[in-house]
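Trainee: Letter by letter, the chains look like this.
2 protein chains.
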Amino acid sequence: MSRYHTSRSSSTTPVIILYDTPGHSPQPWAPNIWRIRFILNYKRLRYRTQWVEFQDIEATLRSIGAPPSSVRSDGRPVYTLPVIVDPTRNSSRPEIISGPSNIAEYMETFYPARPVFPEGSRAVQSLFVHYIQEVFAKPLLPIMVPLSAKGLPPRSQPPFSHSHAADALPPGPHRERAWQLVKEQFDFLSSILDKNVQDGDGVCVMGHSVSYADFALCSVLLWIENMAPHDGWARIREWNGGRWVRLREKCREYMDVY
Amino acid sequence: MSRYHTSRSSSTTPVIILYDTPGHSPQPWAPNIWRIRFILNYKRLRYRTQWVEFQDIEATLRSIGAPPSSVRSDGRPVYTLPVIVDPTRNSSRPEIISGPSNIAEYMETFYPARPVFPEGSRAVQSLFVHYIQEVFAKPLLPIMVPLSAKGLPPRSQPPFSHSHAADALPPGPHRERAWQLVKEQFDFLSSILDKNVQDGDGVCVMGHSVSYADFALCSVLLWIENMAPHDGWARIREWNGGRWVRLREKCREYMDVY
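Protein chains in written order, with my numbering: chain R, 166 to 423; chain Y, 166 to 423.
Possibly wrong hints are sitting among the right ones.
In this list, chains with the same sequence are indistinguishable; a pair is considered to hold if it fits within one copy or across any two.
List time: in silico DSSO-like cross-link candidates among lysine-lysine, alpha-carbon distance up to 27 Å [to be verified]:
1) Lys360 with Lys303
2) Lys303 with Lys415
3) Lys315 with Lys348
These aren't lab readings, by the way, just hints derived from the structure by calculation.
Only chain R is shown next, with the shape it has when bound in the complex (with noise of 0.2 Å):
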């Protein structure tokens, strides 16, 4: 899916350090990271992958000083990735930043040159994000969760196998119901991507060029690709002409991992 490299800096030069977690290969999985690798390569910027096993995340967050992502009705913080840790501005005070639009916006504000967000579109674009997280994505989960948790390595899988998002969805109608109701929300989608074939290269979000919308998008395909090979996207492929391929193929150049 994407080159590796070992580093492209001296290790004595600070670099942005980008926390993911690992799954049962070398590529990464995680959506919300993706979005965040992506904007790093998009931009040109130099980091590294520090790797963190999932059922490692709170502790070592914690252990860095990193925010909290978000807070629990009941008060209790919760601490998941993407963070990055940035040295670069400040070598004595690295800044730390939770949770992917944050990161994103960071990025965008003390990184300016070559922009994620067209002039103008910061609040379209995150409501097209926030859309994608919140209504597109849904029907994914009942599916995407279990095999998320079956993908990660043996030590991580302890905390999953206690809950319903384990239970996978076994071949047969069920299943076929689950993937139709995915279905429905790409079909959506594409016929609103489709309103820019005027103006746009009628793969792009907005217009000609990858924005941060296309990496939130893509990020969701590369989960299912990475998670669900055969049963996921191979399906996603063939629907809406080949739509979804096209964007996958036009954000690869953004696909290296470091």
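Add chain Y to chain R, keeping to what the hints say.
Mentor: Below, chain Y without anything else, positioned relative to chain R:
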């Protein structure tokens, strides 16, 4: 709210006809129709409003051969406003278009001057407007639908009085709770629009100029102002630092009624 004009064209020049339905005041009220009037005014197209009382909409639209705006699950067609008739491109075969999104796209395609979609933004704007209709405006319905029914001229009221839609929320905790749900949507959208501060004027959805998304949003504000001036608009004026008043002000020059 807006200036009235009897005509800005001679009677022999064909102009676009916008079908609209009257409320209790001389001001238009229906949000989906305002969205189109905004575009006509913004593009400085010559048009006149054809007023049709609510209970006459279906018969009128059938009589002019307007396409249905949608089809029920049982196959029966649905006739709703807005509809435009455009005889200006070919007076012997006027175009008749139904549905606010279709009309907006038609106008942008055939009258591209003064675009309402900034380059490359048709898809993101369309999704934004879909969100305004399906998510943002949803909690307004239990409040606004009964008020809108009561606000129609007397002849138009019977169809509503047989449905639950006629039960306006009485003052008290239920109505306060309903407005609280509305406020949560306004608060969230405000937080999204705030993301533009660095590359926008803090009012418009995209950057510094009004566009289709602003017109759709402001149309919802005008609906509330028209049908719930004291209980609704008086609240909303105060929310989110006055953002909604500023948006209405920014759109004001496109509120003429021809």
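Trainee: Does the structure break any of the earlier hints, and which numbers would those be?
Mentor: none
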